[in-house]
Amino acid sequence: MRRDRGRKPKKKICSYCVDKIESVDYKQYEKLKRFVTERGKVLPRRISGNCARHQRQLTRAIKKARIMALLPFTSE
Amino acid sequence: MGYYEIMLIIRPDVEADGHQEVLEDLKAAITKEGGDVSTILDWRKRRLAYEINKHKEGHYYLVYFSGQGTIIPEIEHYFRVTDAVIRYMVVSVEEKDFNAAAEKAAEAASAAEAQAEKQEEAAAAEETAAVEEPEVEIVPEVDEEPEAEGQTEVTEVAEKVEGQAEVEAADEVQTDSKVDE
Numbered sequence: 001m002r003r004d005r006g007r008k009p010k011k012k013i014c015s016y017c018v019d020k021i022e023s024v025d026y027k028q029y030e031k032l033k034r035f036v037t038e039r040g041k042v043l044p045r046r047i048s049g050n051c052a053r054h055q056r057q058l059t060r061a062i063k064k065a066r067i068m069a070l071l072p073f074t075s076e
Numbered sequence: 077m078g079y080y081e082i083m084l085i086i087r088p089d090v091e092a093d094g095h096q097e098v099l100e101d102l103k104a105a106i107t108k109e110g111g112d113v114s115t116i117l118d119w120r121k122r123r124l125a126y127e128i129n130k131h132k133e134g135h136y137y138l139v140y141f142s143g144q145g146t147i148i149p150e151i152e153h154y155f156r157v158t159d160a161v162i163r164y165m166v167v168s169v170e171e172k173d174f175n176a177a178a179e180k181a182a183e184a185a186s187a188a189e190a191q192a193e194k195q196e197e198a199a200a201a202e203e204t205a206a207v208e209e210p211e212v213e214i215v216p217e218v219d220e221e222p223e224a225e226g227q228t229e230v231t232e233v234a235e236k237v238e239g240q241a242e243v244e245a246a247d248e249v250q251t252d253s254k255v256d257e
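Protein chains in written order, with our numbering: chain A, 1 to 76; chain B, 77 to 257.
Don't read these hints as lab results, they were simulated from the structure.
Some hints here could point you the wrong way.
Stated by the list, open to error - Below, a list of computed lysine-lysine pairs in the PhoX-like style, where the Cα atoms sit at most 25 Å apart:
{"no.": "1", "chain 1": "B", "residue 1": "K121", "chain 2": "A", "residue 2": "K63"}
{"no.": "2", "chain 1": "A", "residue 1": "K27", "chain 2": "B", "residue 2": "K180"}
{"no.": "3", "chain 1": "A", "residue 1": "K27", "chain 2": "B", "residue 2": "K172"}
{"no.": "4", "chain 1": "B", "residue 1": "K121", "chain 2": "A", "residue 2": "K33"}
{"no.": "5", "chain 1": "A", "residue 1": "K31", "chain 2": "B", "residue 2": "K180"}
{"no.": "6", "chain 1": "B", "residue 1": "K180", "chain 2": "A", "residue 2": "K64"}
{"no.": "7", "chain 1": "B", "residue 1": "K108", "chain 2": "A", "residue 2": "K64"}
{"no.": "8", "chain 1": "A", "residue 1": "K27", "chain 2": "A", "residue 2": "K8"}
{"no.": "9", "chain 1": "B", "residue 1": "K132", "chain 2": "A", "residue 2": "K41"}
{"no.": "10", "chain 1": "B", "residue 1": "K103", "chain 2": "B", "residue 2": "K121"}
{"no.": "11", "chain 1": "B", "residue 1": "K180", "chain 2": "B", "residue 2": "K121"}
{"no.": "12", "chain 1": "B", "residue 1": "K172", "chain 2": "B", "residue 2": "K103"}
{"no.": "13", "chain 1": "A", "residue 1": "K11", "chain 2": "A", "residue 2": "K27"}
{"no.": "14", "chain 1": "A", "residue 1": "K27", "chain 2": "B", "residue 2": "K121"}
{"no.": "15", "chain 1": "A", "residue 1": "K27", "chain 2": "B", "residue 2": "K194"}
{"no.": "16", "chain 1": "B", "residue 1": "K172", "chain 2": "A", "residue 2": "K31"}
{"no.": "17", "chain 1": "B", "residue 1": "K121", "chain 2": "A", "residue 2": "K31"}
{"no.": "18", "chain 1": "A", "residue 1": "K64", "chain 2": "B", "residue 2": "K130"}
{"no.": "19", "chain 1": "A", "residue 1": "K64", "chain 2": "A", "residue 2": "K41"}
{"no.": "20", "chain 1": "B", "residue 1": "K180", "chain 2": "A", "residue 2": "K20"}
{"no.": "21", "chain 1": "A", "residue 1": "K41", "chain 2": "A", "residue 2": "K12"}
{"no.": "22", "chain 1": "A", "residue 1": "K11", "chain 2": "A", "residue 2": "K33"}
{"no.": "23", "chain 1": "A", "residue 1": "K27", "chain 2": "B", "residue 2": "K130"}
{"no.": "24", "chain 1": "A", "residue 1": "K63", "chain 2": "B", "residue 2": "K194"}
{"no.": "25", "chain 1": "A", "residue 1": "K64", "chain 2": "B", "residue 2": "K172"}
{"no.": "26", "chain 1": "A", "residue 1": "K20", "chain 2": "A", "residue 2": "K63"}
{"no.": "27", "chain 1": "A", "residue 1": "K33", "chain 2": "B", "residue 2": "K130"}
{"no.": "28", "chain 1": "A", "residue 1": "K31", "chain 2": "B", "residue 2": "K132"}
{"no.": "29", "chain 1": "B", "residue 1": "K132", "chain 2": "A", "residue 2": "K33"}
{"no.": "30", "chain 1": "A", "residue 1": "K20", "chain 2": "B", "residue 2": "K172"}
{"no.": "31", "chain 1": "B", "residue 1": "K130", "chain 2": "A", "residue 2": "K63"}
{"no.": "32", "chain 1": "B", "residue 1": "K108", "chain 2": "A", "residue 2": "K27"}
{"no.": "33", "chain 1": "A", "residue 1": "K63", "chain 2": "A", "residue 2": "K8"}
{"no.": "34", "chain 1": "B", "residue 1": "K180", "chain 2": "A", "residue 2": "K33"}
{"no.": "35", "chain 1": "A", "residue 1": "K63", "chain 2": "B", "residue 2": "K132"}
{"no.": "36", "chain 1": "B", "residue 1": "K194", "chain 2": "A", "residue 2": "K64"}
{"no.": "37", "chain 1": "A", "residue 1": "K41", "chain 2": "B", "residue 2": "K130"}
{"no.": "38", "chain 1": "B", "residue 1": "K132", "chain 2": "A", "residue 2": "K64"}
What you are looking at is a predicted structure, and each value in this text was computed from that prediction instead of being measured.
So that you can see chain A by itself, here it is in the shape it has in the complex:
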């Protein structure tokens, strides 16, 4: 029996698992853009739906991409 608190739990789909990508690449910054907010913050797992393994890799990839000015540390 599911307790209904007015909001359905969103189905979690890790896009990296779906695409069968082993490791997240910091060079594919266009793809990484999908996982940052407009302000440039890393999107939390509860929103992106990534699995723990890929979320860890993703945060590191985003940080590398930021160092190389592929992604902003902050925008606006």
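Chain B: place on chain A using the hints.
Same frame as chain A, now just chain B:
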């Protein structure tokens, strides 16, 4: 021995000669320490996500090399003293990614060659197109005129032959054949 990837950003106001100089120096620094540069990928000029030393753009390069980890301090020292390099990062990569990058570079090189060839062919085809066009235009006329069976067979064969020729031509220059059809 490890596999490494260097990403570096060269100042946008440096000319192509300067780029080569940096890459050559880098290669020399790596090989001097017993490393082996496998691939250099040109990522071209890109807009930086934020300003670095007042620069809004930068020319990115990816360099893949294998060798002892002791090379890295040498490389970093070189980057620090070189004015043209505004940002760099050395990352270790797995062997399969390392090889994939080499393959990608080889592919890109061959693709560039193929494209150059294609362009040449297309240019040549354009020149000959003026000669070929009347021939192509005759074909529908032949289709319509003959009503006798014997004659149609002949034209069919002729069509087939011409069709094959067209297919062959299409293989060489795809875009042009579409226009012809």
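Status of the hints after comparison with the structure:
A C-alpha spacing of about 21 Å is found between K121(B) and K63(A), which places the hinted pair at or below 25 Å, so the restraint holds. Of the pairs offered as hints, the one joining K27(A) and K180(B) holds, with about 14 Å between alpha carbons and a cut-off of 25 Å not exceeded. For the proposed pair K27(A) and K172(B), the alpha carbon gap of about 16 Å is at most 25 Å, so the pair holds. For a cut-off of 25 Å, the pair hint linking K121(B) to K33(A) stands: about 19 Å separates their Cα positions.
In summary, the hint linking K31(A) to K180(B) is supported, as the alpha carbons are separated by about 19 Å, within the 25 Å threshold. Between K180(B) and K64(A), the direct Cα distance comes to roughly 22 Å. Compliance with the 25 Å bound is thereby established for this hinted pair. The suggested pairing of K108(B) with K64(A) is violated, with an alpha-carbon distance near 28 Å, which exceeds 25 Å. Distance restraint check for K27(A) and K8(A): the Cα-Cα separation of roughly 35 Å exceeds the 25 Å cut-off, and the hinted pair is therefore not satisfied.
Of the supplied pair hints, the one linking K132(B) and K41(A) holds, its CA atoms being roughly 21 Å apart against a limit of 25 Å. Distance restraint check for K103(B) and K121(B): the Cα-Cα separation of roughly 21 Å lies within the 25 Å cut-off, and the hinted pair is therefore satisfied. Restraint check: the Cα-Cα separation between K180(B) and K121(B) comes to about 19 Å, which is no more than 25 Å; the hinted pair holds. Using a Cα cut-off of 25 Å, the hinted pair K172(B) and K103(B) holds, with the two alpha carbons roughly 22 Å apart.
A threshold of 25 Å between alpha carbons decides the hint, and for K11(A) with K27(A) the separation of about 28 Å lies outside it, so the pair is violated. Pair hint K27(A) plus K121(B) holds up; C-alpha atoms about 15 Å apart against a cutoff of 25 Å. Of the supplied pair hints, the one linking K27(A) and K194(B) is violated, its CA atoms being roughly 30 Å apart against a limit of 25 Å. Taken as a hint, the K172(B) and K31(A) pair is honoured in the structure, with Cα atoms around 21 Å apart against an allowance of 25 Å.
In summary, the hint linking K121(B) to K31(A) is supported, as the alpha carbons are separated by about 19 Å, within the 25 Å threshold. Restraint check for K64(A) and K130(B): satisfied, since their Cα atoms lie roughly 21 Å apart, inside the 25 Å limit. A hinted pair counts as satisfied when its Cα atoms are at most 25 Å apart, and K64(A) with K41(A) qualifies at roughly 14 Å. A C-alpha spacing of about 19 Å is found between K180(B) and K20(A), which places the hinted pair at or below 25 Å, so the restraint holds.
Restraint check for K41(A) and K12(A): the C-alpha separation of about 20 Å stays at or below 25 Å, so the hint holds. The hinted pair formed by K11(A) and K33(A) meets the criterion: a straight-line CA distance of about 21 Å does not exceed 25 Å. A C-alpha spacing of about 23 Å is found between K27(A) and K130(B), which places the hinted pair at or below 25 Å, so the restraint holds. Pair hint K63(A) plus K194(B) does not hold up; C-alpha atoms about 41 Å apart against a cutoff of 25 Å.
The hinted pair formed by K64(A) and K172(B) meets the criterion: a straight-line CA distance of about 20 Å does not exceed 25 Å. For the proposed pair K20(A) and K63(A), the alpha carbon gap of about 22 Å is at most 25 Å, so the pair holds. Taking the CA atoms of K33(A) and K130(B), the gap is near 24 Å; set against the 25 Å cutoff, the hint holds. The hinted pair formed by K31(A) and K132(B) meets the criterion: a straight-line CA distance of about 22 Å does not exceed 25 Å.
For the given pair, K132(B) sits about 19 Å from K33(A) by alpha-carbon distance, which is consistent with the 25 Å threshold. With a CA separation close to 16 Å, the supplied pair K20(A) and K172(B) stays within the 25 Å bound. Annotation: proposed proximity of K130(B) to K63(A) holds, straight-line Cα distance about 21 Å (limit 25 Å). Among the hinted pairs, K108(B) with K27(A) is inconsistent with the structure: their alpha-carbon atoms are about 28 Å apart, more than 25 Å.
This hinted pair does not check out: K63(A) and K8(A) have alpha carbons roughly 32 Å apart, beyond 25 Å. With a C-alpha separation of about 23 Å, the suggested pair K180(B) and K33(A) falls inside the 25 Å cut-off, and the hint holds. Annotation: proposed proximity of K63(A) to K132(B) holds, straight-line Cα distance about 20 Å (limit 25 Å). Distance check on the hinted pair: K194(B) and K64(A) sit about 38 Å apart at the alpha-carbon level, beyond 25 Å; violated.
About 23 Å separates the Cα atoms of K41(A) and K130(B), which keeps this hinted pair within 25 Å; it holds. With a C-alpha separation of about 19 Å, the suggested pair K132(B) and K64(A) falls inside the 25 Å cut-off, and the hint holds.
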